[in-house]
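Peer 1: Here the protein sequences come in this chain order: A and B. Position one of the first sequence corresponds to residue -10 (our numbering), numbered consecutively onward. Position one of the second sequence corresponds to residue -10 (our numbering), numbered consecutively onward.
To be clear, the hints were calculated from the coordinates, so they are not data collected in a lab. Some hints here could point you the wrong way.
Derived DEER-like restraints, expressed as beta-carbon distance ranges [to be verified]: (1) A/55 / B/36: 39 to 47 Å; (2) B/47 / A/87: 32 to 40 Å; (3) A/87 / B/56: 36 to 44 Å.
Computed from a predicted structure; not experimentally measured. The beta-carbon is built from N, C-alpha and C at its ideal position, and this holds for glycine as well.
Number of protein chains: 2
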Amino acid sequence: MNGVNINQIQFDKITGLIPAITQDYRKKKVLMLAYMNKESLEKTIETGYVHYWSRSRNKLWMKGETSGNTQRVKEIIMDCDNDAILLLIDQKGPACHTGHETCFYKKVKIEA
Amino acid sequence: MNGVNINQIQFDKITGLIPAITQDYRKKKVLMLAYMNKESLEKTIETGYVHYWSRSRNKLWMKGETSGNTQRVKEIIMDCDNDAILLLIDQKGPACHTGHETCFYKKVKIEA
Chain A
-10 MNGVNINQIQ FDKITGLIPA ITQDYRKKKV LMLAYMNKES LEKTIETGYV HYWSRSRNKL
50 WMKGETSGNT QRVKEIIMDC DNDAILLLID QKGPACHTGH ETCFYKKVKI EA
Chain B
-10 MNGVNINQIQ FDKITGLIPA ITQDYRKKKV LMLAYMNKES LEKTIETGYV HYWSRSRNKL
50 WMKGETSGNT QRVKEIIMDC DNDAILLLID QKGPACHTGH ETCFYKKVKI EA
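Sequences and hints are given; from them, build the entire structure.
Peer 2: Put into structure tokens, the structure is as follows:
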């Protein structure tokens, strides 16, 4: 697998953010999509636990810092354009603040 | 599973876009992250094939329209905040324009 250095990552020029997808490394379920800035990615790498940038609260947060539902990093993978991240993680408890296992639980009605 | 109507989806107020993750419905591999506007989501639902909004070319495109590597929709799932979409799909050929099976193929070096 090709390698990439953190300095090659294309954070958005205006917001400084990159979308980060988390996937359960065992069950392969997609758990959530949130955003990282450079600092949160560095913290994630440094600590081994996923840190995001909260766009609503405008601050760095470690997933699970209040709920205890932390995300331990197993692997970090960039996409071809270096502008999206996939994190394979070990999720403690439910990923979603609603108590669902994953944030993706609402089926879109395809029929009219 | 809870249901959601397309009108409940929170497209970004400024860009009109929502991030869309595609995942292979059989192998569960995350294939790519791209963006949709309302029109591309409607086209996706209407045709059963994934359509995105290209931010660089500023136009609607059907994935695979030139390469033939189309994405047939199996399921569309919204997240808790209605601001990200997960599409379970049947991918024809490689998902990535580089020829890789998935766009996520660059491992981020975690050690300094």
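Peer 1: Next step is simple, just say for each hint if it's right about the structure.
Peer 2: Status of the hints after comparison with the structure:
no.: 1; hint: A/55 / B/36: 39 to 47 Å; in the structure: holds (43 Å)
no.: 2; hint: B/47 / A/87: 32 to 40 Å; in the structure: holds (35 Å)
no.: 3; hint: A/87 / B/56: 36 to 44 Å; in the structure: holds (38 Å)
Hint compliance for this structure: no hint is broken.
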